[in-house]
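Sequence order for the protein chains is A and B.
Numbering of the first sequence is given in our numbering, commencing with residue 37 and proceeding in unit increments.
Numbering of the second sequence is given in our numbering, commencing with residue 37 and proceeding in unit increments.
Check each hint, because a few of them may be wrong.
Which copy is meant is left open, because identical chains are indistinguishable; a pair holds if it fits in one copy or across any two.
Taking lysine to any residue and the SDA-like style, the derived pairs with C-alpha atoms no more than 20 angstroms apart in a straight line are [claimed, not checked]:
hint	residue 1	residue 2
1	LYS244	LEU120
2	LYS410	LYS444
3	LYS309	HIS146
4	LYS345	VAL321
5	LYS95	ASP323
6	LYS306	ALA333
7	LYS309	THR229
8	LYS106	GLU438
9	LYS426	ASP299
10	LYS380	GLU203
11	LYS309	SER219
It is worth saying that the hints were derived from the structure and are not from the lab.
The primary structure of each chain is shown beneath.
2 protein chains.
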Amino acid sequence: MKVLLIGVGGVGEAIAKMSEKRDWLDQMVLADYTLNRAREVQKKLGDEKRFSIEQIDAKNKDGMIALVKKYDIDLIMNGCDPSLNHTIFDAAYGAGCNYMDMAMTLSEPHPEDPYNKTFVKLGDYQFERTKLWEKKGILAIVGSGVEPGMADVFARYASDYLFDEIEEIGIRDGNNMTVEGYSIPFGFSIWTTIEECLNPPVIWERGKGWFTTEPFSESEIFHLPEGIGPVEVVNVEHEEVLLIPRYIDKGLKRVTFKFGLGDDFITMLKNLKELGLHRTEKIKVGDTYISPRDVVATSAPNPAQLGPKMVGKTCAGTWVKGKKDGKARQVYLYQVADNQECMKNFGSQAIVAQTAFPPVIMMELIARGIWKGKGVYGPEAFDSVPFMDKMEDYKFPYGMIEMDSEYKEMLKEEELVKV
Amino acid sequence: MKVLLIGVGGVGEAIAKMSEKRDWLDQMVLADYTLNRAREVQKKLGDEKRFSIEQIDAKNKDGMIALVKKYDIDLIMNGCDPSLNHTIFDAAYGAGCNYMDMAMTLSEPHPEDPYNKTFVKLGDYQFERTKLWEKKGILAIVGSGVEPGMADVFARYASDYLFDEIEEIGIRDGNNMTVEGYSIPFGFSIWTTIEECLNPPVIWERGKGWFTTEPFSESEIFHLPEGIGPVEVVNVEHEEVLLIPRYIDKGLKRVTFKFGLGDDFITMLKNLKELGLHRTEKIKVGDTYISPRDVVATSAPNPAQLGPKMVGKTCAGTWVKGKKDGKARQVYLYQVADNQECMKNFGSQAIVAQTAFPPVIMMELIARGIWKGKGVYGPEAFDSVPFMDKMEDYKFPYGMIEMDSEYKEMLKEEELVKV
């Protein structure tokens, strides 16, 4: 398979690195706004023929279409901030090639009632075009990272193999990572973190559909496995809530996404908002016009480069509540990544590496013809087993906890550690 | 007297407003980088002849000298951020006219030991030039606002009339102001607040001279009068510490400046620093180069415009500890400004209005020949009584508390209110 990777940031670099030795990959074109950045990654990889570089503006649709033609590309892998999704998605359509991204097109809050009603939802732009993609015979997998991505595959697996009835699915994410010298480090794309945390979080309920709440709502304590322990998680706007109800049923009544941000980080985000620094629209500063969020994203310590200073583990996963064989059941399917291991294996910090491996597995499944289709889909539209079977090989094995037995054991052990 | 006001921001507007009906003022030229801003203030004042407007870049020394000549100016009043002090101060010298500012030229931290040693101190640039100013027969009063400014006048008054021996002088400042809908409002110039709060605070001690500490050091509870109550104050870099030891002796052993910032505000400032947003040097964002602090200062809610939403009082003052007639004595000389009164009287919020009235009184004293001299001085170099006598007339009366009697009474009353 020939891949055009648009955007060679932290996650882009990890995607290239994880694909490097795989036989399903014929070529990956590393295309970035800054050619030097693409060159830097190319040098780390070594194989200049398989990993060629190109300068590209992700707002330039025709430029991307030309690159697809130049290299006879099979799939565009979008490694950019989601604000650029429209053009990259449309370029893939225009060029008639497959497409994957790790975050869907952005939402727009309801103009009158932003904390109750949805307006433009995450991915609306993309799902509205599914018929066009079908007609053209090409495939888009949207939300193909770890969350959304792996978490959606887990939801599908639970639905297919673990439950007869599903009441609720909640993505739960947190970490115990610390960065020496930093009290409020961004662990992932600064631009995207501000976007998803300050937007009204979205929830899905049967009968009610999608609706929104105040940011940071419905705080709860969730205990994460492998020694991470209890984390306070809050509602955050995330793609899984938009994807899961499209493909999973079994009586499903509620879907949420909650993330363990921590009080200090929430305070920092609220302060950014109060200072107007979260804004994406340009403001006039002296004689220049500039987007305050772009300034924050450029000025703050780059999360992709904090890796060597980070210590700890991060956990992404899917909690499912329902019934099996007439009995109540709750499970948490998860993947825990240790930062130092990720640094050693991939030269990337844990959250970046964990985001990068699922699209690489998915590209392999597409290359081998195991995942296939026409149209625009979330990852839970495909068979979960081939994906989960490959996780260990890619050094990101999954785990599963039965909440009514193992989870209770875990809580007891946490108590013992405390004493 | 003919005044050239460079910079018609919040404080500049209040200076113009407070000078409007005064007979000592013949003309005030409102000069700003943005001519429309000067025009806006001119319209509020009504008298277009006495308050003419000019466009000026405060980095353009020759342009300012030309304005002094054009209008036959007696005094340049500097209403800009202190980063622009050098040029405006030099323009006054070049034009041979008097000069006043409300904050002194900036410090530079010690390159190796910033939290112990001073390097370039506040006002060094200006005081190094005092002989030149003397020779030319012109006067600069630096630090002429409320703090520095009024607080220094209070120190001089205490030294002349209240104490035989002085052990310590500490400027203490705080408020109980709240702004509806804001948890961390800047009460004063955003640029300057970041500068003074994140720079290493400076302390003066006899024998040791000036030295620095970690930001936010030596937290203490200080009780402020007129119902404001207890405030947690911390060391902040401020001009009074540089000025007072130059002019006041009586055995003085220590000078500090402590400001009641509040935990939430300190957290916000620390976060700005961690995100690199406090920086003044330009960084590359996309294709533009921009100073992150300029973006924060432009993006955050303008403190000069928050007035209508503010409720509460602000207190600026000078605490002096020493001996009188052989007995230990402590006093706090202060000025309390109520926001709603300031809004009613001057259309400016309390902190802005309180900063503006002292330079207006000082201009009157210079115009009437009561304060005079040649060279570069702080406000405590002049007789305190004529200044303090005018405070009531300008609607900012001072108060004084004897700490060993009235202060203790105040604490008892606070306790009663609590119960």
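How the hints compare with the structure:
no.	hint	in the structure
1	LYS244 x LEU120	neither (31 angstroms within a copy, 58 angstroms between copies)
2	LYS410 x LYS444	neither (43 angstroms within a copy, 80 angstroms between copies)
3	LYS309 x HIS146	within (18 angstroms within a copy, 34 angstroms between copies)
4	LYS345 x VAL321	neither (34 angstroms within a copy, 25 angstroms between copies)
5	LYS95 x ASP323	between (25 angstroms within a copy, 15 angstroms between copies)
6	LYS306 x ALA333	both (16 angstroms within a copy, 17 angstroms between copies)
7	LYS309 x THR229	both (13 angstroms within a copy, 19 angstroms between copies)
8	LYS106 x GLU438	neither (51 angstroms within a copy, 84 angstroms between copies)
9	LYS426 x ASP299	neither (36 angstroms within a copy, 49 angstroms between copies)
10	LYS380 x GLU203	neither (40 angstroms within a copy, 60 angstroms between copies)
11	LYS309 x SER219	both (19 angstroms within a copy, 11 angstroms between copies)
Hint compliance for this structure: hints 1, 2, 4, 8, 9, 10 are not met, and every other hint is.
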